[in-house]
Amino acid sequence: MINKFYKKVNDLDLNLIIKKIKIKNKLNSINNVKINNITTLDQSKKNEVTFFHSVKYLPLIPKIKASYIITNEKFSKFFNKNQKLLIVDNVLLSVAKLTSMFYPDALNDDFESNFIDASQFKKFKKVKLGNNVIIGKNVKIGTNTKIGHNTIIESNVEIGTGCTIGSNVIIKKSIIGNNVNILDGAVIGKKGFGFYPDKNKNIRYPHIGLVLIGNNVEVGCNNTIDRGSLSNTIIGDNTFLDNQVHIAHNVKIGKNSIITAQVGFAGSSTIGERVSIGGQAGISGHLKIGNNVQIAGGSGVIKNIPDNTKVMGYPAKDIRIFLKENK
Amino acid sequence: MINKFYKKVNDLDLNLIIKKIKIKNKLNSINNVKINNITTLDQSKKNEVTFFHSVKYLPLIPKIKASYIITNEKFSKFFNKNQKLLIVDNVLLSVAKLTSMFYPDALNDDFESNFIDASQFKKFKKVKLGNNVIIGKNVKIGTNTKIGHNTIIESNVEIGTGCTIGSNVIIKKSIIGNNVNILDGAVIGKKGFGFYPDKNKNIRYPHIGLVLIGNNVEVGCNNTIDRGSLSNTIIGDNTFLDNQVHIAHNVKIGKNSIITAQVGFAGSSTIGERVSIGGQAGISGHLKIGNNVQIAGGSGVIKNIPDNTKVMGYPAKDIRIFLKENK
Amino acid sequence: MINKFYKKVNDLDLNLIIKKIKIKNKLNSINNVKINNITTLDQSKKNEVTFFHSVKYLPLIPKIKASYIITNEKFSKFFNKNQKLLIVDNVLLSVAKLTSMFYPDALNDDFESNFIDASQFKKFKKVKLGNNVIIGKNVKIGTNTKIGHNTIIESNVEIGTGCTIGSNVIIKKSIIGNNVNILDGAVIGKKGFGFYPDKNKNIRYPHIGLVLIGNNVEVGCNNTIDRGSLSNTIIGDNTFLDNQVHIAHNVKIGKNSIITAQVGFAGSSTIGERVSIGGQAGISGHLKIGNNVQIAGGSGVIKNIPDNTKVMGYPAKDIRIFLKENK
Chain A
1 MINKFYKKVN
11 DLDLNLIIKK
21 IKIKNKLNSI
31 NNVKINNITT
41 LDQSKKNEVT
51 FFHSVKYLPL
61 IPKIKASYII
71 TNEKFSKFFN
81 KNQKLLIVDN
91 VLLSVAKLTS
101 MFYPDALNDD
111 FESNFIDASQ
121 FKKFKKVKLG
131 NNVIIGKNVK
141 IGTNTKIGHN
151 TIIESNVEIG
161 TGCTIGSNVI
171 IKKSIIGNNV
181 NILDGAVIGK
191 KGFGFYPDKN
201 KNIRYPHIGL
211 VLIGNNVEVG
221 CNNTIDRGSL
231 SNTIIGDNTF
241 LDNQVHIAHN
251 VKIGKNSIIT
261 AQVGFAGSST
271 IGERVSIGGQ
281 AGISGHLKIG
291 NNVQIAGGSG
301 VIKNIPDNTK
311 VMGYPAKDIR
321 IFLKENK
Chain B
1 MINKFYKKVN
11 DLDLNLIIKK
21 IKIKNKLNSI
31 NNVKINNITT
41 LDQSKKNEVT
51 FFHSVKYLPL
61 IPKIKASYII
71 TNEKFSKFFN
81 KNQKLLIVDN
91 VLLSVAKLTS
101 MFYPDALNDD
111 FESNFIDASQ
121 FKKFKKVKLG
131 NNVIIGKNVK
141 IGTNTKIGHN
151 TIIESNVEIG
161 TGCTIGSNVI
171 IKKSIIGNNV
181 NILDGAVIGK
191 KGFGFYPDKN
201 KNIRYPHIGL
211 VLIGNNVEVG
221 CNNTIDRGSL
231 SNTIIGDNTF
241 LDNQVHIAHN
251 VKIGKNSIIT
261 AQVGFAGSST
271 IGERVSIGGQ
281 AGISGHLKIG
291 NNVQIAGGSG
301 VIKNIPDNTK
311 VMGYPAKDIR
321 IFLKENK
Chain C
1 MINKFYKKVN
11 DLDLNLIIKK
21 IKIKNKLNSI
31 NNVKINNITT
41 LDQSKKNEVT
51 FFHSVKYLPL
61 IPKIKASYII
71 TNEKFSKFFN
81 KNQKLLIVDN
91 VLLSVAKLTS
101 MFYPDALNDD
111 FESNFIDASQ
121 FKKFKKVKLG
131 NNVIIGKNVK
141 IGTNTKIGHN
151 TIIESNVEIG
161 TGCTIGSNVI
171 IKKSIIGNNV
181 NILDGAVIGK
191 KGFGFYPDKN
201 KNIRYPHIGL
211 VLIGNNVEVG
221 CNNTIDRGSL
231 SNTIIGDNTF
241 LDNQVHIAHN
251 VKIGKNSIIT
261 AQVGFAGSST
271 IGERVSIGGQ
281 AGISGHLKIG
291 NNVQIAGGSG
301 VIKNIPDNTK
311 VMGYPAKDIR
321 IFLKENK
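Residue numbers (the working numbering), protein chains in the order written: chain A, 1 to 327; chain B, 1 to 327; chain C, 1 to 327.
In short, the hints are calculated from the structure, not lab data.
There may be inaccurate statements among the hints.
Because identical chains cannot be distinguished in the list, a pair is counted as satisfied if it fits within a single copy or across any two copies.
As a list, the in silico EDC-like pairs of lysine to aspartate or glutamate whose alpha-carbon atoms are at most 20 Å apart [as the list claims (entries may be wrong)]:
#  : residue 1 : residue 2
1  : K128      : D117
2  : K303      : E273
3  : K140      : E48
4  : K4        : D89
5  : K20       : D307
6  : K7        : D318
7  : K77       : E273
8  : K199      : D307
9  : K81       : D11
10 : K125      : E73
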């Protein structure tokens, strides 16, 4: 799925990689070695590079099939002599650089210039298009879908049947289910806010994930939903988002949830099913919010919330305790 | 006023209605009965259906002139034998279904496809239009009004004299006064975030209200102002809204108020005159905020606020108490 | 710099000025006196008008070279007999009126109607333009810059080399550095939310400042960045702004700062270098935030913050204290 959206360089010479990510150790027989991707520990294959940057991934070490492993000095002790390491100072920064080498387009969100001519729009059967619509190459649009004025659907995007896409909408790097409403001014699938701060010029982490939107979803006006970095940003079936909601990269929201206006999600949090979030609430990054959770408007959630809980406040706590303390 | 914006089906057969909203009681002589609208208790007329779903409307029962009344088992005792009831499980859900039958277009916010040709723009006297403007049928635009590039004014919208509408603006289902500024990227008049959660596919409540904007109003960039459901969303004369403000359905804001950036209003709250609200404050739904109220930035208002009060905090309280508690 | 963006009336007759701002004192020999600008105390020159409205500007009085000084009764004692005063009730309101007389266009943000024909776009060397782009007169665009679909670059704007401007972006009254990314839907350079509340029709303060954006900056989707009033709004080099951020007039943000999604800045605050602000935080107006400050997401900052401080909460306080109090 990812390949379709991001053009990958076929092979990179190991010497070139070593030079770019600045390894600190010496390797033997590195000439004429071709590497053809960078992947996560558990999904890695021969002739690929993977990376190890946290002890929480120790259980995955036996699963590594990659030919080379980017890691740092400290973690090198976890590997045996047969495992070829690329020792660097900052693992994630090196991963960013190598990912950029394989996916040079993923760093940029240049506007879609590879679009089809309006004369080809007739290939979309039973699709109603507004004025000044721009559609990239290899876009799929299901029957009975409507796409409003000035809207831009970038290359390879897939939109299901019976959808209503508003005007001034921009959709890129996304796969969208059936009967989905995306309202005016929403921007879906741009790169996330991920980078390494650097004194002179921050270094962007390439985001090669997608936005996956289920069936019967509604996305409100002027929403911003960023695509995933290595995984995807996901909105589950029948979840409704009100206006001016912001969803950062890698966030996953379950089915049948209700997200009211101006709510914001920081990156990589997972939200359960049947979750209801009141207006202007904020959810910090890397959290797990259970099923059937209710979060009052204006709350600031900074830790995990178990299933079937109602919370309120900043930081958000049990709603009865909050209301008792704040009579 | 509403008729112009929403096409109403003329007559519906009572048998069809009964089937659709699934009534639990038995009615006599229901054949060949035509119903021609659904209205509120106090405005209902013969051959219409109205609905009763809360004891707070008991005083209105004597005013009912509708031929049929949707209510539930529990409330049926309030009616006499001559009043013909349609007993259902969920009154508002049935009202949603019946409203959708009468106003089938109100459920959707499909992009305006019924627009006039640019060659007809000359009928707008002393109006200055940007590039790529789209104007629906029966739109009225006063003299000395300017409408920016890529802006969409949907059918039947009325805009007064001396207005400045920015670029990339979308206006639908709205009536706008004189000397109003609507800044770039604002979306005005879309359907509100109202629906019945349903496991497989949420059921939208049709919103057949309007947005009414007074004279000398300013609406900031990227604002979202939703139209009313059965009543209207109203912005009073000379009220100014900063950027990124969200106003949900049925909210009514009085004259001479100042709403700073990123403020959000949940549905159906009423805000007085000369109210000042600081940035990022949130106002919960169904509240009454008095005249001359000042709400500090970042506050979360969850209960009514009397006239001439300054509040701050979350939940918002008297500002002196808040500041004393939070030194 | 300002002259290029705002057309200034050359000379105004002092009699006309006096009438417009309604002075309360009597002046001698006011016929045939021409005034050619209104400026701040320290920058004022002969034949200009300046203004004094706060004791904090007392040290600047000796620097005044303006021929006339707008002030009120109370402050008139600070001036000597040779200084010609224009005594008014409300200094800033009079300044607003006089500024409007000199810069009549600064009050309005009418859409750009003075744009060049697409046939002239070839003058921008090595610049890639999307569909339906509108470019005002005297715009400068550096090489290797890309400008997305439907984007509007208004007259006199300057954009550096290697920039990526998204689609549906509006830029006015701005000077933008090199390697800057401005993402889809951002609105940059509109007039700020500054006006004198007036019962019948608020009186707008003309904003004749600019937005100055440094090198390597990123501005997120649907951001709104207002231009300065008399000074400028400034975003320092290598500062990144996430989506849905709002920046009011005169705000100055230092280099290498990170502003996460949905953050809002009220007017005239100054933010240091290497400042990090979490999602949805709000910064009140006229504050000074030091260097290396970290502000947790959701915080509400209502007072100055010294260098090297971490704060959280509403009102924001030392993060350790906040977390201890809110376990």
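Structure-based check of all given hints:
With identical chains, the CA atoms of K128 and D117 are at most 20 Å apart both within one copy (16 Å) and between copies (18 Å). For the identical chains of this complex, K303 and E273 are intra-copy neighbours only, at 18 Å inside a copy versus 29 Å across copies, given an alpha-carbon limit of 20 Å. With identical chains, the CA atoms of K140 and E48 are never at most 20 Å apart, being 31 Å at best within one copy and 45 Å at best between copies. Proximity of K4 to D89 under the C-alpha cut-off of 20 Å is found in neither arrangement, the shortest distances being 33 Å within a copy and 49 Å between copies.
Within a single copy, K20 and D307 get their C-alpha atoms no closer than 46 Å, and across copies no closer than 36 Å, so neither meets the 20 Å cut-off. Proximity of K7 and D318 under a CA criterion of 20 Å is satisfied in neither setting, with 47 Å inside one chain copy and 47 Å between copies. Proximity of K77 and E273 under a CA criterion of 20 Å is satisfied in neither setting, with 41 Å inside one chain copy and 39 Å between copies. With identical chains, the CA atoms of K199 and D307 are at most 20 Å apart between copies only, with a shortest distance of 18 Å across copies and 42 Å within one.
In the homo-oligomer, the alpha carbons of K81 and D11 never lie at most 20 Å apart, since the shortest distance is 26 Å inside one protomer and 83 Å across protomers. With identical chains, the CA atoms of K125 and E73 are never at most 20 Å apart, being 57 Å at best within one copy and 48 Å at best between copies.
Hints 3, 4, 5, 6, 7, 9, 10 from the list above are not met by this structure, while the remaining hints are.
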